[in-house]
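Position in the sequence shown counted from 1, then plus 14, gives you this note's numbering.
It is worth saying that the hints were derived from the structure and are not from the lab.
Be careful, since some hints might not be right.
Label-pair ranges, simulated between beta-carbon atoms [said to hold, decoys possible]:
no.: 1; residue 1: Glu-194; residue 2: Ser-63; range: 37 to 47 Å
no.: 2; residue 1: Glu-43; residue 2: Glu-91; range: 54 to 64 Å
no.: 3; residue 1: Lys-234; residue 2: Asp-83; range: 27 to 37 Å
Only a predicted model underlies this, so the values are computations on that prediction, with no experimental measurement involved.
Every residue, glycine too, gets a C-beta built ideally from N, C-alpha and C.
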Amino acid sequence: MIKVDGALLKEYRKKKGLTQVQLAEGICEQATVSNIENKNMSPGINILSALCKKLNVEISDILVETEEDKIRKKINEIQSLNSVSKYQESYKILQTIDQEKVSNSDLLNQILFYQGLLDHLYAKKPDAALFYFNQVLEQTTETDIHHLQAAANVAMIYLSKGELDFAKVYVERTLKILSETDFDNLMICIVYYDIATYYRKIEDYDKAIQLCEKGIEYNKKHKSTYALEYLLYEIASCHKQLGEDDYLERYMDAKKIARFNGNDYAVKVIENDLK
């Protein structure tokens with residue numbers, strides 16, 4: 015059942031000069047129209063779409079936005095802000111989300127993931143972040159993108175703590191999932207970047223570059239620039255460590271993409287590296 019504004023549908027129907035029987039003709043029973051108008055629920059999107067088309071109104075005008083719909087919009091906004099490192103703004107939005115109003119497990123795992131991510135990157139609470147990431151890992155399967163993201167970020171937390179053995183466990187777990195599952199989600203670009211930073215840390219620069227190139231290829235496939243500045247930046251950093259002559263050019267490529275994506279934070283990081 016789909017929640018709708020039945021009174022508004024009734025108003026549009028009357029403006030058209032139609033009875034319930036006339037509106038329902040060729041679409042559904044008159045009783046269905048009556049239930050939609052009086053009980054604010056439609057039995058399906060197809061019927062509702064046909065009724066709206068007959069009334070010459072947009073279906074979005076009739077649909078009622080649920081609390082979970084509002085939360086999904088907030089999650090999408092958080093994701094967009096995170097992609098350009100605006101973690102403070104993301105964190106503020108996250109604090110307005112009431113988990114108690116969420117029954118959808120996928121949405122709840124998204125919230126838990128971003129709580130962990132922002133506790134790690136913004137609030138600087140690694141132990142709290144691990145708590146949230148572990149919840150995601152326990153509640154999802156390896157074919158779930160949130161599971162993959164959580165595993166990669168657990169690795170990043172251990173890496174930031176200097177606990178390389180623990181980081182390695184989750185890096186290998188992440189790579190195993192990537193090799194066994196065909197994800198159709200741009201989030202894997204940032205996962206490749208995260209895991210590449212581990213290999214740069216242990217001075218396996220070739221492996222780090224290889225992973226970043228996979229993220230870049232994924233971007234090309236989807237005609238996207240998602241996290242591309244980070245992938246290019248990581249390659250530039252590795253080339254610098256390897257003594258490659260083109261590292262400055264690669265830094266500049268990363269800087270151009272960062273500016274294109276509106277990622278002021280990444281621009282500053284690159285400029286500091288070049289000083």
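Now the hints, each set against the structure:
1. Glu-194 - Ser-63: 37 to 47 Å: 39 Å, holds
2. Glu-43 - Glu-91: 54 to 64 Å: 41 Å, violated
3. Lys-234 - Asp-83: 27 to 37 Å: 33 Å Cβ-Cβ, so the 27 to 37 Å window holds.
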